[in-house]
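K.L.:
Line by line, the protein sequences are chains A and B.
To convert, note that position 1 of the first sequence is 65 in the working numbering; the numbers rise steadily by one, no gaps.
To convert, note that position 79 of the second sequence is 94 in the working numbering; the numbers rise steadily by one, no gaps.
Calculated from the structure, these hints are not laboratory results.
A virtual CB, placed ideally from N, CA and C, is assigned to each residue, including glycine.
Errors might be hidden in some of the hints.
Chain A regions said to be covered by chain B (calculated; three or more residues, Cβ under 8 Å) [unchecked claim]: (1) 86 to 98; (2) 105 to 117; (3) 130 to 138; (4) 162 to 168.
Within a straight-line C-alpha distance of at most 25 Å, the following computed BS3-like cross-link-like pairs (lysine-lysine) qualify [claimed, not checked]: (5) B:K72 / A:K158; (6) A:K162 / A:K120; (7) A:K158 / A:K134; (8) A:K121 / B:K72; (9) A:K121 / A:K134; (10) A:K162 / B:K68; (11) B:K85 / A:K162; (12) A:K162 / B:K110; (13) B:K68 / A:K134.
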Amino acid sequence: TQLLEQSPQFLSIQEGENLTVYCNSSSVFSSLQWYRQEPGEGPVLLVTVVTGGEVKKLKRLTFQFGDARKDSSLHITAAQPGDTGLYLCAGAGKGTYKYIFGTGTRLKVLA
Amino acid sequence: DAGITQSPRHKVTETGTPVTLRCHQTENHRYMYWYRQDPGHGLRLIHYSYGVKDTDKGEVSDGYSVSRSKTEDFLLTLESATSSQTSVYFCAISKSGTGDSYEQYFGPGTRLTVT
Numbered sequence: 065t066q067l068l069e070q071s072p073q074f075l076s077i078q079e080g081e082n083l084t085v086y087c088n089s090s091s092v093f094s095s096l097q098w099y100r101q102e103p104g105e106g107p108v109l110l111v112t113v114v115t116g117g118e119v120k121k122l123k124r125l126t127f128q129f130g131d132a133r134k135d136s137s138l139h140i141t142a143a144q145p146g147d148t149g150l151y152l153c154a155g156a157g158k159g160t161y162k163y164i165f166g167t168g169t170r171l172k173v174l175a
Numbered sequence: 016d017a018g019i020t021q022s023p024r025h026k027v028t029e030t031g032t033p034v035t036l037r038c039h040q041t042e043n044h045r046y047m048y049w050y051r052q053d054p055g056h057g058l059r060l061i062h063y064s065y066g067v068k069d070t071d072k073g074e075v076s077d078g079y080s081v082s083r084s085k086t087e088d089f090l091l092t093l094e095s096a097t098s099s100q101t102s103v104y105f106c107a108i109s110k111s112g113t114g115d116s117y118e119q120y121f122g123p124g125t126r127l128t129v130t
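Given only the sequences and the hints, what does the whole structure look like? Please build it.
P.N.:
Following this line, the structure appears as C-alpha cells:
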C-alpha cells in the first residue's frame, strides 16, 4: 500500500518567518502535487512536479521533487497570514488517474 | 474552477437511512472521484469513475455505492448510513496536466452528519 507521510502535522509561526513542509514515501511517484485547502472549501491545486530534482516556484512558495521521486518539499518564504490553511501533497503513478494523499500539514501564520 | 458543484452542501440524517450525494460537472471530464476527509486521515478515495457506467472501488469503499449514468453526474450513495460515515465528502475531476500527469480539481464539499 502506498503511503504519503507529511510533516509536521501542525505548524504555527509568526508572520515573516520561513517554513518547510515535507512529504515522504517509500514509493516512487510519476507526479506529485501540492494543494492548499481553506476551511469549508475543497483543496485547490498549487503545483504539479513530474521530474526528479525539479524545483518550481510560485511567488513565495518553492516546491521541490526529490531526485528519486519519492519525496517532496514545500518551502514558504516570509509567511503571511494569507498562507494559513491545510497543505496536502498527493502522488500518482505513471499514467494513472488514482491519487494517494498525504495526511496534511495545518499551517497557521500569526500576524 | 472546473465547474464542479455538489449537492446538498450540508445534510443531517439518521442512522440506517439511505443518503445520496450528487456531483455535477460542466466540462465533460472523463474521470470523476469521491473522497472523504476526516481529521488525521487526509483525503481517502471512496470510488472513482473513468467513464459513463465505468466505476471502480477506492480504499474505503465499504458501505458506499456509486453510479454514473451521464458524463456530468456522479452519484454517491450510502445504502444505510452509519455514524462512522459522518464526514466531509468531496467530489473531484481530473484532467491532463504537466507531462503525463493528471491534475485534480475539487468541488466545494458536502458535510454529512449521521446521528
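K.L.:
Give a verdict on every hint.
P.N.:
Hints, one by one, checked against the model:
With 3 residues bearing a CB less than 8 Å from a CB of chain B, the region 86 to 98 of chain A meets the requirement of three and the coverage assertion stands. With a cut-off of 8 Å between beta carbons, the region 105 to 117 of chain A has 9 residues touching chain B; three or more are needed, and the interface restraint holds. Beta-carbon proximity to chain B at under 8 Å applies to 0 residues in the region 130 to 138 of chain A; the threshold of 3 is not reached and the given coverage is violated. By the rule of at least three residues with a Cβ nearer than 8 Å to a Cβ of chain B, the coverage given for the region 162 to 168 of chain A holds, with 6 such residues.
Proximity of K72 of chain B to K158 of chain A is assessed by CA-CA distance (about 19 Å); at most 25 Å being required, the pair is judged to hold. In summary, the hint linking K162 of chain A to K120 of chain A is supported, as the alpha carbons are separated by about 23 Å, within the 25 Å threshold. Distance restraint check for K158 of chain A and K134 of chain A: the Cα-Cα separation of roughly 13 Å lies within the 25 Å cut-off, and the hinted pair is therefore satisfied. This hinted pair does not check out: K121 of chain A and K72 of chain B have alpha carbons roughly 35 Å apart, beyond 25 Å.
Between K121 of chain A and K134 of chain A, the direct Cα distance comes to roughly 19 Å. Compliance with the 25 Å bound is thereby established for this hinted pair. Simply put, K162 of chain A and K68 of chain B have alpha-carbon atoms about 18 Å apart, close enough for the 25 Å limit, and the pair holds. For the given pair, K85 of chain B sits about 21 Å from K162 of chain A by alpha-carbon distance, which is consistent with the 25 Å threshold. Restraint check: the Cα-Cα separation between K162 of chain A and K110 of chain B comes to about 12 Å, which is no more than 25 Å; the hinted pair holds.
A distance of roughly 34 Å separates the Cα atoms of K68 of chain B and K134 of chain A; the hinted pair therefore is violated under the 25 Å criterion.
Consistency note: the structure conflicts with the earlier hints numbered 3, 8 and 13.
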